[in-house]
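Trainee: All chains should be built: construct the whole structure from the sequences, respecting the hints.
Protein sequence lines, in the order shown, are assigned to chains A and B.
So in the working numbering, spot 14 of the first sequence is number 22, and the numbers just go up one at a time.
So in the working numbering, spot 56 of the second sequence is number 418, and the numbers just go up one at a time.
You can trust all of the hints, since none of them are fake.
Listed next, the in silico DMTMM-like pairs over lysine to aspartate or glutamate satisfying Cα-Cα at most 25 angstroms (straight line):
1. B:K472 <-> A:D198
2. A:K66 <-> A:E20
3. B:K472 <-> B:D373
4. A:K191 <-> B:D373
5. B:K429 <-> B:E401
6. A:K191 <-> B:E465
7. A:K216 <-> A:D154
8. A:K229 <-> B:E440
9. B:K417 <-> B:D402
10. A:K184 <-> B:E460
11. A:K229 <-> B:E460
12. A:K256 <-> B:E390
13. B:K382 <-> A:D190
14. A:K229 <-> B:E465
15. A:K229 <-> A:D198
16. B:K382 <-> A:D198
17. A:K256 <-> B:E387
18. B:K378 <-> A:D190
19. A:K214 <-> A:D172
20. B:K388 <-> A:D198
21. A:K214 <-> A:E150
22. A:K184 <-> B:E440
23. B:K378 <-> A:E50
24. B:K378 <-> A:E62
25. B:K378 <-> B:E476
26. B:K388 <-> A:E254
27. B:K382 <-> A:E253
28. A:K162 <-> A:E140
29. A:K162 <-> A:D128
30. A:K191 <-> B:E390
31. A:K191 <-> B:D443
32. B:K417 <-> A:E50
33. B:K382 <-> B:E460
34. A:K256 <-> A:D40
35. B:K417 <-> B:E465
36. B:K405 <-> B:D373
37. B:K378 <-> A:D198
38. A:K216 <-> A:D232
39. A:K191 <-> B:E387
Please keep in mind that the hints were generated in silico from the structure rather than gathered at the bench.
Keep in mind the model is a prediction, meaning the values are calculated, not measured.
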Amino acid sequence: MASGLLNPNEDEGIEVIKQIINSVFNRAQKIDEVICFCVPGEPVDNSASTVFHESVIKMHLKSLGYSPIPVNEGLAVVLSELAGNNFTGIVISIGGGMCNVCFSYLSVPVITFSIQKGGDYIDLMVGKAAGESATKIKMIKEVELDLTIAPRNKVETGPHIFYDDLFFTLIQTMQKVFGSTDKMPRISSDLPLVLSGGSIMPNGCKTKFEQAMKDVNLPVKISDIVIAEKPLYATAKGSLKMAMEEGKM
Amino acid sequence: MSLSVIIYSPDNIRGKIILKTIHLEKIESVLCSSYSSVEDEVKKRVPDVTIFDTKNNFWGELDFLKKLPQTTRIILAEPQDISFLKNTDLRNDLFTPEPFHPEFILSLVKAILESRLKKKYFKSSLSRLLSAASTGRLLLVKSFPVFLILLAGVIGGYIYWCLSTLPNIERLEVYRPYEASKL
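Mentor: What follows is the structure in structure tokens.
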């Protein structure tokens, strides 16, 4: 994988993904059993396309006897976290390779997009700045990073800087995309914003994001910013919900 | 007595948003993305309201609207296009300008359907009343509420008439029947 998509430079990449899928699923138990799999939104900061990534997974799931349905990652989080708000709101899933954004209105994914920056970008950039490997930075980030505490050294300063940078890029892109679409409906009520994904888990991330959002004007007003109940599993939970609904039909 | 709405939008997302907003109020509605599917739906049943999204439409194609049966039409259009549309045969329709406002569209639909429902109820009540009267089973039919309303009106009118014909109290104060008899 590279930047959230199948890495075109890895010859064995597709085979590895197939083996990972095989280790999780058996063949379909009945003909055309519905299976939902999560796909990222189209990146707006890069010419990369999700079509190849999506098609490879779809083809393999079909070969296992399933009827595969791709679900946008942001929409999956909407289905998991925004049931109490009629599936209306904004979701940002901050993963390793990408940040996925979805603005949903009554479960209709009005705007979906992604940027190819995420946790891996923070690890890489902090590693470069601190002279450490990205893997080591990742370990530190996942185990002991607390963004509410003032940094004491280079390794701790890096994540503060690059989380700010990531959130800045993300919010600027949101402003640009939300402001340039004609699909945005006018909504009288304020909407919740849900943060999800593994890279949002370090303590203090939400506060940092709230600070970055302070002076930002979006076409919709945000009522509150919340973190998904289980940030690592929200996407899977939403995809499962979707598969259960599709399976009923 | 259900009422129906046909939504035409070539834009799948806008169409779905309108559909879901209307479904929230449990109003029967169907989304069509092509003219042929609108025609098919109309053949099945004449809708009470048609919502027509002009976004991404060619102007020439709007003639299609004239072919639709007489229903109330809500046309979504850009503000600069509305004045042009009002100069065409579509001037009697309701226009909602951009930006896209699904809650406003819903409020329009609800208002139209409510007035249609009242009309339908009144018509059906009247026809039932007439048919019952013709068969001589006036008090046995389902139009009993209408009869009750009429009865209440008659009784109310009678009471009002009685009260208005009472002698003036002020005049009674100076009325002296004994003295008057002496004259």
